[in-house]
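Trainee: Sequence:
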Amino acid sequence: MSPPGGQIGCGALVRTPAPPGRASGHRAARGGRRGAAALSALAPFARASQDAPPQSKESPMTAAPAPIVRPARPEDRPVLERFMAALQAHELACSPGSGLETPARMAAPHLRWLEGWVAESGGVILVAESGDTLLGFAVCGISTEGGYHLPERLRRHGEVSDLYVEDPARGRGVGRALLDAAAEAFRSRGLARMTITAMRGNPETVKVYRGLFGAETFLTFETRL
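Numbering-wise, the UniProt record's numbering puts 202 at position 202 of the sequence shown, and it's gapless, one number per residue.
Worth double-checking, as some hints may not be accurate.
Claimed, not checked - Using C-beta positions, here's what the derived DEER-type ranges look like:
1) Pro151 with Gly122: 19 to 25 Å
2) Asp167 with Pro78: 15 to 21 Å
3) Pro65 with Phe218: 34 to 40 Å
The hints are simulated quantities; they were obtained by calculation from the structure and are not laboratory data. Heads up, the beta-carbon is just placed ideally off N, CA and C, and yes, glycines get one too.
All chains, please: the whole structure from these sequences, using the hints.
Mentor: Following this line, the structure appears as structure tokens:
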């Protein structure tokens, strides 16, 4: 499901150089992830990171060009379905016996479901690219937390439900660029809070997110009934 304008998701083009990181992939707890660690932050973490120069161990002559982050387009769909299947396979490897659906069965319908959520909530699906090659994607929707335990201004918040970076592109700042662009997209929509989750069985990604967001705010426990 695509909103008017011919894009998957909505939002303005964002060009974001970013320092390296190795966030390989995650899916948020809205999909029922076992032992997920939920992290949240006020969106200004991205503004601060953009003010700082990129840090890389590569020399200027050998450093890979900074990825361009933009809203996904309909022609990106085949690659996004492949990314979704790869993300599911990664999570199956992180959490064997979790009962997750097989990658081949879930990729296309789950992507369609996410497109609907993003379009309805006013979010955006972002892709990172270098030249003509897509390197990763982030699904950025808007959710509202019920009840009164949060101040009103924080209840409606940005949620990065899915984040994936291709193996060859990891460690080049692609995941950070996607998160920076997500934060900017949410901020432009008047939001002051952004959340993301990581599977407990994916400690490398948890470490990266702790560096970006600080300590996790919730741990989710799950059992079969």
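Trainee: Could you run down the list of hints and mark each one as holding or not?
Mentor: Hint check results:
Separated by about 21 Å at the C-beta atoms, proline 151 and glycine 122 satisfy the suggested range of 19 to 25 Å. Hint check: aspartate 167 to proline 78, Cβ distance near 18 Å, so the stated range 15 to 21 Å holds. With their beta carbons about 37 Å apart, proline 65 and phenylalanine 218 fall inside the hinted range of 34 to 40 Å.
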